[in-house]
Each structure stands twice: as C-alpha cells, then as structure tokens.
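Residue numbers (the working numbering), protein chains in the order written: chain A, 90 to 421; chain B, 90 to 421.
Some hints could be false.
Which copy? The list can't say, so a pair holds if one copy fits it or any two copies do.
With a straight-line Cα cutoff of 35 angstroms, these simulated DSBU-like cross-link-like pairs (lysine-lysine) come out [said to hold, decoys possible]: (1) Lys353 with Lys228; (2) Lys271 with Lys228; (3) Lys382 with Lys139; (4) Lys115 with Lys336; (5) Lys115 with Lys382; (6) Lys186 with Lys402; (7) Lys353 with Lys115; (8) Lys115 with Lys349; (9) Lys196 with Lys353; (10) Lys382 with Lys186; (11) Lys139 with Lys407; (12) Lys196 with Lys271; (13) Lys398 with Lys382; (14) Lys415 with Lys222; (15) Lys222 with Lys271; (16) Lys407 with Lys382; (17) Lys186 with Lys353.
It is worth saying that the hints were derived from the structure and are not from the lab.
Number of protein chains: 2
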Amino acid sequence: MISNLLPRIETELQQQVSRLDTPRTKIFHEMLTYHMGWTGEGAGPEATGKRIRPLMVLLTTSSCGADWQLALPAAAAVELVHNFSLVHDDIQDNSPKRRGRPTVWTKWDMPQAINVGDALFVISNQAMMDLAKNYPAEKVVRAATVLHNTCLDLTRGQFLDMSYENRNDLTIEDYWPMIAGKTAALIAACTQIGSILSGADDATIELYRIFGRDLGLAFQVQDDILGIWGDEALTGKSAASDLAEGKNSLPVLYGISQQKRFAKRWAASAIRPDEVAEVAQMLADEGALEFSKHEAERLTDQSLEALMKANPKGDAGKTLSQLAHKLLNRSS
Amino acid sequence: MISNLLPRIETELQQQVSRLDTPRTKIFHEMLTYHMGWTGEGAGPEATGKRIRPLMVLLTTSSCGADWQLALPAAAAVELVHNFSLVHDDIQDNSPKRRGRPTVWTKWDMPQAINVGDALFVISNQAMMDLAKNYPAEKVVRAATVLHNTCLDLTRGQFLDMSYENRNDLTIEDYWPMIAGKTAALIAACTQIGSILSGADDATIELYRIFGRDLGLAFQVQDDILGIWGDEALTGKSAASDLAEGKNSLPVLYGISQQKRFAKRWAASAIRPDEVAEVAQMLADEGALEFSKHEAERLTDQSLEALMKANPKGDAGKTLSQLAHKLLNRSS
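Bound-form chain A, shown alone:
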C-alpha cells in the first residue's frame, strides 16, 4: 500500500510547491525543490526523506474507512511543516549537511534560507485550505486549527531546545516538554488530522492522537539511545556522537540526575571524541541505558495500545500497524 501512496504524496507536494514556479521566482522555486530532494546534486529518494508524516495522515484516514485521496493536501501540509522546521533548524544549529547534501543556507545564504523556510510554511497553510475542495469548511477549520496549535508546540520545543544549550542544571522533567514539541506534536497532528478528516468520532480521534504522540516520544527516546550506544553501521552517524555534541538527551539527563561519576564528568567540560566510548560505558553502568530502554518500551506499549483500541480497518490499518512496529523496532 505504501508504494501506492508515496508517488501520490510526491506529486501533491510538487504541485503545492509549484506555486513558486513563476517567471520571476524560478531560483526561489529551485531552492525549495532542492531542499525537498527533487532537484540539484544528490536529488532522489535518499534526499527526500521517508515521508513518514504524510503516510501517517493517509493511512489513518484510510484505516478509518474514508478515501485517503481526499486527504492528500493535508498529507502535503504536514510534510511541508516538517521541512519548514528542518530548513530553519539547520540555520539555527549551524548544520552544513542535511541527508548528506549541503543545507539550503550553505548552498545559497542564511537570509534566503530563512525565506525558504517561511515559504514552505506558507505553502503548508495554503495546502490546508485546499482541503475545502474535498471537505466541508467546518472540518477544514478544525483540521487547520490542530495543525496551527501543533506549529506553536514546535516553536515551544525549539525554544526549549535552544535554551537548554550550555546548561548543566537540567532534569528529566525538562526533557519531555522539549521532545513533546520538537518530535511528538507533529506526528500526533498527522494521526489526529487523518482521523478528523475521515469523520471519526471524538473518542477515536483522541486514540489516534495518543497513538501518534507516544509513537513520536518513543521514537525520540530510541533515537537518543542510538545516539550514544548505537551501531555506527546501522545508524549511519558516528557512534556516541551525541555525547561529543553535548546533546541533552534522555540518557544524559538521567545520568546527571544520578549525581555520580558521569554527572561530574559532564559538568566539568565537553566530552572529547577519544573518550566517548569510556563515558558511554560510564553512563550505562550508572543505569541510564536501562532507564531509557524502559521509557522507550513504556511509550511504545502505550502507543500500540492506543492504536489497537482505535481499531484501524482494512489494508491501511494493517499497514499503519506495520509502519508503527517498524518505526518502534518491534516485530508486528
């Protein structure tokens, strides 16, 4: 089923972004198509990302028994929001690469890249209003309101993430609001919007929301674990790079809370690349790996339980469940 959806998502995204394919804004349009992975050096499936979020929208709509094709503009909208946040994130983090290619701000410049992010965000709004061709206006307003509220959560998460840099007094309680905004909110919006558009009842919509939210949280905790103890061959990024980068991940915040050897070492100075293996072991010895794995498991269970209760139907329901299991490294 996914192989049927992906080309339709891509076509819808391209049509939405083509709003900028006008005589005087060809280069502007090119900046967006480059970031989306369609044009320029390294363009192709590797550069587009997996389109998980739009898939979640369409699979949710279809698993509620409605026609997923009508929800395509919403699927494009959430992916455009995701990409708007990536373009601005790359500037904010001073990141030179994204999916192996130069970021927009390094390829053009920072002022243009800010504007590219803004344009992706604007087009996501326009895509949401396109839903009015397929749904009653009340439903469009409800779905758009969910997406806008989610976007405010994204800016909250981004604020917290940036504010946490260079702080040594963070606790585990500081972690959840940040990743709730940065990672979980948009995935929750996907399943919430997908079920709203399908005409599901409020209880079902709430179950889909929890499914998406806890999937996002569990996914982030897993990512944090891999960032410290992951196999470089599997993750594609150098093992334990999160430690050297000083990232306030869940295992690190757990380690700080233990006030033992790791906490002292972390507070003293940045972790050098040649000591990451030793510090990762120290952190595992103090229980951070076990704690984080337990949190990931708890959230995974909650997510899959909500999905089961929502009772997703048909091929789409099976595919949605398989996708969730795959993202959460569970056999389905």
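Fit chain B to the supplied structure of chain A, relying on the hints for placement.
Chain B alone, transformed into the frame defined by chain A:
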C-alpha cells in the same frame, strides 16, 4: 473612532500572543512582547508602530456596515504577519535597530529570533481560525486563504528584494513585482479580508482590494522619494540614506534607465555619504523625482477612486478615507 479601535486591537494582540505565556516559555513570550513594543526598554506607543494594518481591517469591516468587533482576530492576524516579517527582515538585513530599539536578534540571538518570527506567524494563523467563533466556517476559510496567498506574495517580494542586492542591471519593471509583494500585498489583504468578513458582494470586495493595493504601492513610492529627497527633520532618518545604502528604489531604477551621468556613477561604486547630496541632485536633474512623483500621484488617484466607488459608510467610512488621505499626504 481610531482612538476607540486602538486599545481593542492592542488587547486582542496581547491575548493572541499570551498563548506563549506558559510556565516553561516565559522568556520566549517576553521575546514576542518585547518585539511587539509592550515590554522591555523603550516599550510604549513609539515602539508598537501605528497598527495601520489592523485599523484598515476594522475600518473596512465597519464601513461595509458590519460589526468591527467580530473582526478583531483578523485585525490581530494581519498585524502579527507584519511583525513576523519584520523580525525575519531584521535578521536578513542585519539591522541592529527597529523603531529606535535593539532588534530581537541583537537582544537575544539569531537562532532565537528566527523562532520568534516563526511563532508570530503561527499565532497569526491561530488568530485567523479564532474567527470561527464569530463567522461561518466558509467565510473563515475564504479569509484565511486570502491571507495565506498574501503571505506567499510576501516571500516572493522578499526573495526579489534580496536577489536585487548587488545587481546593476535592474529596470523599472523589476521594481513593481518586488514592492507588490513586500508592501502592497498585505495592505490589500487587510481591506479584502475586512470586506469579506462584512459580507460585502464580490464587486465591492474587489474595489476594497484595489484600494488597499494601490494605497500600499503609492505609499512605498512616496517612501522611496523621501528616502532620497526627504527632510531629515520630518522623516527621522538621515536624508538620502537610501542612496548610500544602495537601495534599488523607484527613483534609482528610473535613473539607471536614463543611461546618463547618474547611471554611470551608480554602476561605478557605492555612493559615499559625503556625495549623497550631489548624487540626489543629479538624479533629480535627470527627471527621477518628477517621474516618481507622477507615479505616486497616479497610484494615489487610483486608490482613492476605488475607495470612493466602494462607497464606505458611516463614521468608519469617513475615518478610512481620512486615514488613506493622511497616509498619502493628501488633504481629505
């Protein structure tokens, strides 16, 4: 009438922005309230700006015979869009000051300022959806679609403006699409949205749109004239600063098109502060002042003619007409 509207606009804006006034995002909220002119050093009426755009929304709604109070969320939305674009503009232009105060990116930093702009934009979207409390959903979708389309025009104008830097081959035809996006589109959206919400017929909405658009264009051309030949005592910025800054204003593009002394001087190197008076005189001698004044007059006439045809009613109609005359330096 304006003195009745302004405090209500300010209250609505503050309520909208207070979405970020939550325990973990106090500092984030403060960044927005600082930019809006409510808090921090130099806060007050000088720092807020004139709120022309929300006034245009409310006066238009009321001059169409409808209750302006219902349109307050839309008034807040257009002002939030304006301020989102200012925050990002200040980063893109590397501007240290805005309305006499340090810009957000200088007071905090560039990454946080990008996020502040994003949040203002998100809240403008949320404000638009708040209209659903006062209007049928169809009207909300129509008004929001107008605002979203306008925002894409803003990014187009911003792209052109940034692309024009360091170019010497621009013509007058390059000027209009840029200021159409950067200045006129949002003012046109104000009058268009105000009339849509009031339930005006399509012909009237179109007249209000043209009124707003040409008002915006005329206002920008006047601003360009003042930027070169303005009285420093009146404009508050150093006379002829636009020449020293290399701004591609209408008079400059006219001067380039004449291919005379000014064009050669402009192409050779940046204008030094000690020669701006001489170059401004050169540009006037070659007809750029007369040409620009003529364009401003033409657009002013078109704008006021459209307003007259729209037949604005009551106190609001008079006030709207007075505001337009004042902005266009015409006695009413």
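Cross-check of the supplied hints:
For the identical chains of this complex, Lys353 and Lys228 are neighbours neither inside a copy (53 angstroms) nor across copies (59 angstroms), given an alpha-carbon limit of 35 angstroms. In this homomeric assembly, Lys271 and Lys228 come within 35 angstroms of each other (Cα to Cα) both inside a single copy, at 26 angstroms, and across copies, at 32 angstroms. Within a single copy, Lys382 and Lys139 get their C-alpha atoms as close as 25 angstroms, which meets the 35 angstroms cut-off; across copies the closest is 55 angstroms, which misses it. When the C-alpha separation of Lys115 and Lys336 is checked against a cutoff of 35 angstroms, the pair qualifies only between copies, where the shortest distance is 23 angstroms, while the shortest distance within a copy is 38 angstroms.
Taking identical chains as interchangeable, the C-alpha atoms of Lys115 and Lys382 lie at most 35 angstroms apart only when they sit on different chains, with a minimum of 32 angstroms there against 48 angstroms within one chain. For the homomeric pair Lys186 and Lys402, neither the shortest alpha-carbon distance inside one copy (40 angstroms) nor that between copies (57 angstroms) is at most 35 angstroms. Proximity of Lys353 and Lys115 under a CA criterion of 35 angstroms is satisfied inter-copy only: 30 angstroms between copies versus 54 angstroms inside one chain copy. For the homomeric pair Lys115 and Lys349, the shortest alpha-carbon distance between copies (32 angstroms) is at most 35 angstroms, but the shortest distance inside one copy (57 angstroms) is not.
With identical chains, the CA atoms of Lys196 and Lys353 are at most 35 angstroms apart between copies only, with a shortest distance of 33 angstroms across copies and 40 angstroms within one. For the homomeric pair Lys382 and Lys186, the shortest alpha-carbon distance inside one copy (29 angstroms) is at most 35 angstroms, but the shortest distance between copies (49 angstroms) is not. In the homo-oligomer, the alpha carbons of Lys139 and Lys407 lie at most 35 angstroms apart inside one protomer (19 angstroms), although the nearest pairing across protomers, at 56 angstroms, exceeds that limit. Taking the shortest Cα distances, Lys196 and Lys271 sit within 35 angstroms of each other both inside one copy (25 angstroms) and across copies (24 angstroms).
Taking the closest pair of Cα atoms, Lys398 and Lys382 come within 35 angstroms of each other only inside a single copy of the chain (24 angstroms); across copies the shortest separation is 69 angstroms, beyond that limit. For a Cα distance limit of 35 angstroms, the shortest separation of Lys415 from Lys222 inside one copy, 34 angstroms, qualifies, whereas the shortest one across copies, 41 angstroms, does not. Taking the shortest Cα distances, Lys222 and Lys271 sit within 35 angstroms of each other both inside one copy (31 angstroms) and across copies (29 angstroms). Proximity of Lys407 and Lys382 under a CA criterion of 35 angstroms is satisfied intra-copy only: 26 angstroms inside one chain copy versus 68 angstroms between copies.
Only within a single protomer do Lys186 and Lys353 lie at most 35 angstroms apart by alpha-carbon distance; the minimum there is 32 angstroms, versus 42 angstroms between protomers.
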